[in-house]
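Peer 1: Sequence:
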Amino acid sequence: MPPRILIAGLAVALSTVVACGGPVTGEAQPATGATTTTSAAESSGTTDASASLGDVEPCDLLTREEAERAFGPLREAPERDDLGSARSCTYSPQRRSLGIDVRTDAGLADVQPTGEVTDLTIGGRAAKQVIAAGGTCIVAIEVTRASRVDVAFTGETKDDACALAGQVAELVEPRLP
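Mind the numbering: the sequence shown is residues -21 to -1, 1 to 156 in mature numbering (1 follows the signal peptide of the UniProt record, and there is no 0), read in order.
Treat the hints as calculated values from the structure; they're not laboratory data. Among the clues, some could well be false.
[Stated by the list, open to error] In silico EDC-like pairs for lysine to aspartate or glutamate, Cα to Cα no more than 16 Å straight-line:
| # | residue 1 | residue 2 |
| --- | --- | --- |
| 1 | Lys137 | Glu95 |
| 2 | Lys107 | Glu149 |
| 3 | Lys107 | Glu135 |
| 4 | Lys107 | Glu95 |
[What the hints assert, rightly or not] Per label pair, the in silico range of CB-to-CB distance:
| # | residue 1 | residue 2 | range |
| --- | --- | --- | --- |
| 5 | Glu47 | Arg124 | 32 to 40 Å |
| 6 | Asp98 | Arg54 | 27 to 35 Å |
| 7 | Pro92 | Asp138 | 15 to 23 Å |
| 8 | Arg124 | Gln73 | 36 to 44 Å |
| 9 | Arg74 | Glu45 | 26 to 34 Å |
| 10 | Gly51 | Asp84 | 28 to 36 Å |
| 11 | Pro92 | Thr136 | 17 to 25 Å |
| 12 | Gln73 | Ala105 | 26 to 34 Å |
| 13 | Leu99 | Glu135 | 28 to 36 Å |
| 14 | Glu44 | Gln91 | 13 to 21 Å |
Since we're looking at a predicted model, the values are computed, not measured. Where a beta carbon is used, it is the ideal one built from N, C-alpha and C, also for glycine.
Let's have the full structure, built from the sequences with the hints guiding it.
Peer 2: Have a look at this one:
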């Protein structure tokens, strides 16, 4: 697939995701007659998103159709696998590799840099971009201090890999707890 068509497809997919969300103004009010309860986690300002992340299937974070719109035809169906403590889904676009890893026991502070590290914000969440050996770019998105989701893309160049990993991370982030 020519690079211009690939980039145009990614731009359309990304703009669709971005266009669906916009700022919301005002203050939330309970419905008339509704009662409100507050859990200890809510009152302390934290929630146990890592428990919710434990229920997330990595292959549900990016559909095959979305991957093919972004990268062209896949050589095979996305494959669910476990890599160490991560639950992973591997996609196989032509001449490239994309993986999405759900890590319920490692937060951003646990990212092991093997190369250049850049702090990012993806959909309002803290994230890190790591360029690893071999041209792989990893975008790690924080879910809680102790959990994250990694999008790892190996492209033809590190700039190509990071651009595409970042775009996939933007698609994945709204689906995170």
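Peer 1: So which of the earlier hints does this model not fit?
Peer 2: Of the numbered hints given earlier, those the structure breaks are 3, 9, 13 and 14, listed in rising order.
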